[in-house]
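Undergrad: Keeping their order, the protein sequence lines are chains A and B.
Residues in the first sequence are numbered consecutively from 2, following this note's numbering.
Residues in the second sequence are numbered consecutively from 2, following this note's numbering.
Check before you lean on any hint, since a few could be wrong.
Because identical chains share one entry, a pair is satisfied inside a single copy or across any pair of copies.
[Unchecked claim] Computed cross-link-like contacts, DMTMM-like style, restricted to lysine to aspartate or glutamate with a CA-CA straight-line distance of at most 25 Å:
1) Lys24 - Glu13
2) Lys162 - Asp79
3) Lys162 - Asp91
4) Lys162 - Glu138
5) Lys162 - Glu151
6) Lys162 - Glu122
7) Lys24 - Glu159
8) Lys162 - Glu124
9) Lys24 - Glu134
10) Lys24 - Glu96
11) Lys162 - Asp80
12) Lys24 - Glu129
13) Lys162 - Glu139
14) Lys24 - Glu66
Hint data in this document are derived by calculation from the structure and do not stem from the laboratory.
Here's the letter readout for the chains.
Number of protein chains: 2
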Amino acid sequence: MARTSLIERLIEAFQVLPGVGPKSAQRMVLFLLQRNRPGGRNLAEVMLDALDRVGECESCRNLTETPRCRLCEDPRRDDRLLCVVESPADILALEHAGGFRGRYFVLHGHLSPIDGVGPVELELGRLERRVRENPPEELILATNPTVEGEATAHYISELLKDLVPTITRIAHGVPLGGELEFIDGGTLVHALQGRRSIR
Amino acid sequence: MARTSLIERLIEAFQVLPGVGPKSAQRMVLFLLQRNRPGGRNLAEVMLDALDRVGECESCRNLTETPRCRLCEDPRRDDRLLCVVESPADILALEHAGGFRGRYFVLHGHLSPIDGVGPVELELGRLERRVRENPPEELILATNPTVEGEATAHYISELLKDLVPTITRIAHGVPLGGELEFIDGGTLVHALQGRRSIR
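Could you build the full structure based on these sequences and the hints that come with them?
TA: What follows is the structure in structure tokens.
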């Protein structure tokens, strides 16, 4: 008798999305059904298409609908620089910021022994193979500035130190627009240690 | 060359949802592709199904996948009470609150001459027909306590005053848990005017 209606099932289904609870799911469902059915249909169709066709780039492990991603296929990118990040979102952020014209490699995570993620689970062999096949002059480790990200960067630098002439880590310091007063001590220590001459 | 990728199209498509901007759309897309493809597939399929099959209840105009909605079909609901609301979301809120066992009618909006929405555009003839076909003993006007909602309630009460013995308006007053100090003057005036004896 109390069979779940299609609307209830859709409200439920929307709650798989990050940051979407019962209230906002209901709002989204009613909005689509009442105000924007073409937009909802397009969203659902593009979503199925993406779920079918998007996989990992065979070279850099970025998400892509082609065997190799556009960044790996782009002949204008600089093969001498290889930037290692934890997730595809990091590539989007770096590309959005602009300024980097090299290649990327996505780890899809970080070393985390407590969660059972070691070098094998993180498939660091794939990064090693990538570096051996097409060695960069500089490997930039852009993992997150967390304990796990730092440990991962350290491990990779040890792993690849004989294959790459230069291995660097992105700078930690005071973010632009940040006020010293509100910045944590660890960041301030890094900002002081990493100080540079301005003249 | 700079053809839009499937991922970019999906991030764009997600932004039709209310409250979803570029940042949260990107977060949702990466989450689905990396962490929960079955959940994303289910969401897209239920969405297409709902967009195909959900329409208006022929009796009360609530959203439903059947010709008449479950509330209209439920023989245990009280035909003597008919509650008029602006949107299906209002029915969900009232049903969630519990306590009302009558029938509903959804206006899908309110009178708003400035937007060109008059009695004809709001299809108030459908409400009149509904009331003539199965006259309730009491018509409860539960439009929103806004200028337009009040005007709509007033117009409906004039339109149907000869067809229904009792026409009522939901109470305006201090919400439970509200503090008088922070409640607007209009609401306080209503709360005083609507005062009831407690013994």
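Undergrad: For which of the previously enumerated hints does the structure constitute a violation, in increasing order of number?
TA: Failing hints, ascending: 7, 9, 12.
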